[in-house]
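Number of protein chains: 2
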Amino acid sequence: MNKPAPQKRGRGRPPKQVGARQDTRRALIRCGTEILTEKGFHVTGIDEVLKRVGVPKGSFYHYFASKEDFGLAVIDNYASYFAAKLDRWLEDEAVAPLQRMRNFVEDAKHGIERHHYRRGCLIGNLGQELGALSDTFRGPLEAVFLDWQRRVATCFRAAQSAGEIGASADPDHLAAFFWIGWEGAILRAKLVQGTEPLDLFADAFFAGLPRE
Amino acid sequence: MNKPAPQKRGRGRPPKQVGARQDTRRALIRCGTEILTEKGFHVTGIDEVLKRVGVPKGSFYHYFASKEDFGLAVIDNYASYFAAKLDRWLEDEAVAPLQRMRNFVEDAKHGIERHHYRRGCLIGNLGQELGALSDTFRGPLEAVFLDWQRRVATCFRAAQSAGEIGASADPDHLAAFFWIGWEGAILRAKLVQGTEPLDLFADAFFAGLPRE
Numbered sequence: 001m002n003k004p005a006p007q008k009r010g011r012g013r014p015p016k017q018v019g020a021r022q023d024t025r026r027a028l029i030r031c032g033t034e035i036l037t038e039k040g041f042h043v044t045g046i047d048e049v050l051k052r053v054g055v056p057k058g059s060f061y062h063y064f065a066s067k068e069d070f071g072l073a074v075i076d077n078y079a080s081y082f083a084a085k086l087d088r089w090l091e092d093e094a095v096a097p098l099q100r101m102r103n104f105v106e107d108a109k110h111g112i113e114r115h116h117y118r119r120g121c122l123i124g125n126l127g128q129e130l131g132a133l134s135d136t137f138r139g140p141l142e143a144v145f146l147d148w149q150r151r152v153a154t155c156f157r158a159a160q161s162a163g164e165i166g167a168s169a170d171p172d173h174l175a176a177f178f179w180i181g182w183e184g185a186i187l188r189a190k191l192v193q194g195t196e197p198l199d200l201f202a203d204a205f206f207a208g209l210p211r212e
Numbered sequence: 001m002n003k004p005a006p007q008k009r010g011r012g013r014p015p016k017q018v019g020a021r022q023d024t025r026r027a028l029i030r031c032g033t034e035i036l037t038e039k040g041f042h043v044t045g046i047d048e049v050l051k052r053v054g055v056p057k058g059s060f061y062h063y064f065a066s067k068e069d070f071g072l073a074v075i076d077n078y079a080s081y082f083a084a085k086l087d088r089w090l091e092d093e094a095v096a097p098l099q100r101m102r103n104f105v106e107d108a109k110h111g112i113e114r115h116h117y118r119r120g121c122l123i124g125n126l127g128q129e130l131g132a133l134s135d136t137f138r139g140p141l142e143a144v145f146l147d148w149q150r151r152v153a154t155c156f157r158a159a160q161s162a163g164e165i166g167a168s169a170d171p172d173h174l175a176a177f178f179w180i181g182w183e184g185a186i187l188r189a190k191l192v193q194g195t196e197p198l199d200l201f202a203d204a205f206f207a208g209l210p211r212e
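Keeping their order, the protein sequence lines are chains A and B.
Take the first sequence: its position 133, counted from the start at 1, is 133 in the numbering used here, and no numbers get skipped.
Take the second sequence: its position 73, counted from the start at 1, is 73 in the numbering used here, and no numbers get skipped.
It should be emphasised that the hints constitute simulated quantities derived from the structure, not laboratory data.
None of these values were measured; they are calculated from a predicted model.
Certain hints may be false.
Stated by the list, open to error - Derived CB-CB ranges, DEER-like:
(1) B:Ser59 x A:His173: 47 to 55 Å
(2) A:Asn103 x B:Ala162: 54 to 62 Å
(3) A:Asp135 x B:Arg52: 20 to 28 Å
(4) B:Ala167 x A:Glu48: 49 to 57 Å
To be verified - Covered by chain A, according to a simulated footprint, are these stretches of chain B (three or more residues, beta-carbon under 8 Å):
(5) 68-82
(6) 168-177
(7) 186-193
Just so it is clear, CB atoms sit at the ideal spot from N, CA and C, and this is done for glycine as well.
Please construct the entire structure, taking both the sequences and the accompanying hints into account.
Quick look at the structure:
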């Protein structure tokens, strides 16, 4: 999407200026990920991000072509971070496949609690805010959901091979069902400022999995 | 919440001024319901609502104590409208209970399609936007979800009596599960600008209902 182009390096360190530019860009993206997750795209001012990172006002366009370009880079950053987190749980072969999903759910509960129910999921939040409004964001946001779905579907296929889910199940459908509902559960957890909706959704989801 | 107080009437029409004030207030709430559902609370300017209804700028405080007060009246209006819509489907005794739910789902699909996936659900939208931010809105929004859940739970209890859902099921839990996931499905439908997520969620939900 909007990843910095890989730098061609010689044997030494890259020129200081280029390295510093990339460091600052990364710092802006990291900070933007936090603020956008919490406050959304429209309400967040670029100035607030620049100020927090300590970058002079007016130099934003040195790093990004536009606020939208910045938003896309933030989505990309969150997607990579979250995919790595998912893999950490879902590829844990020491654990039975469905338990891996349950472990992910437990971890997510701790995460949302730790941030005092202020953040939730950047992709769900921006999907809600921009889904109906922006052609620019719609495709990239949906692509992230599809990527997460694929990872969960792989885990469900393993669960099927292990006999934890019945042969009649379609792992891709189940994974899509999971993400649709899970985003609803995160929305509700933010509203009630508690993890009950996450538990309720996860328990009902696992209880409804086909056994045959 | 913020309903206009019932007017004490004699036999004739109420004094013209009072009636006119209530009419204008209702028109502002109706218009606000549309705009807030589409654009959210923070982005919507009061001036835009006044202009659409043809009310002079600056007379807003004649009708509402604050923008928040207006927001609460809009939530109240949407909640009543939607509860009546739910009842129309869920109390249709000519139809088996689970089919009533399916009929509601079909109707919702047509509704979201008709508005070109721009609106979705006011309560879900504001929950996402304000759930983490506003103590004022959190309680009223959650109260609406709980009201809808109760109506759906009543329908599931009827389905249980009719043998469509197994005796092991907890209708209240199922209704909570439904609304958590359904809001996620509406979010996703707005993102993909299509009804597939609504179908996928509903099919998986009905398929997972306990039969025993």
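### Message
Hint compliance check: list the failing hint numbers for this structure, sorted ascending.
### Response
Structure breaks hints 2 and 5.
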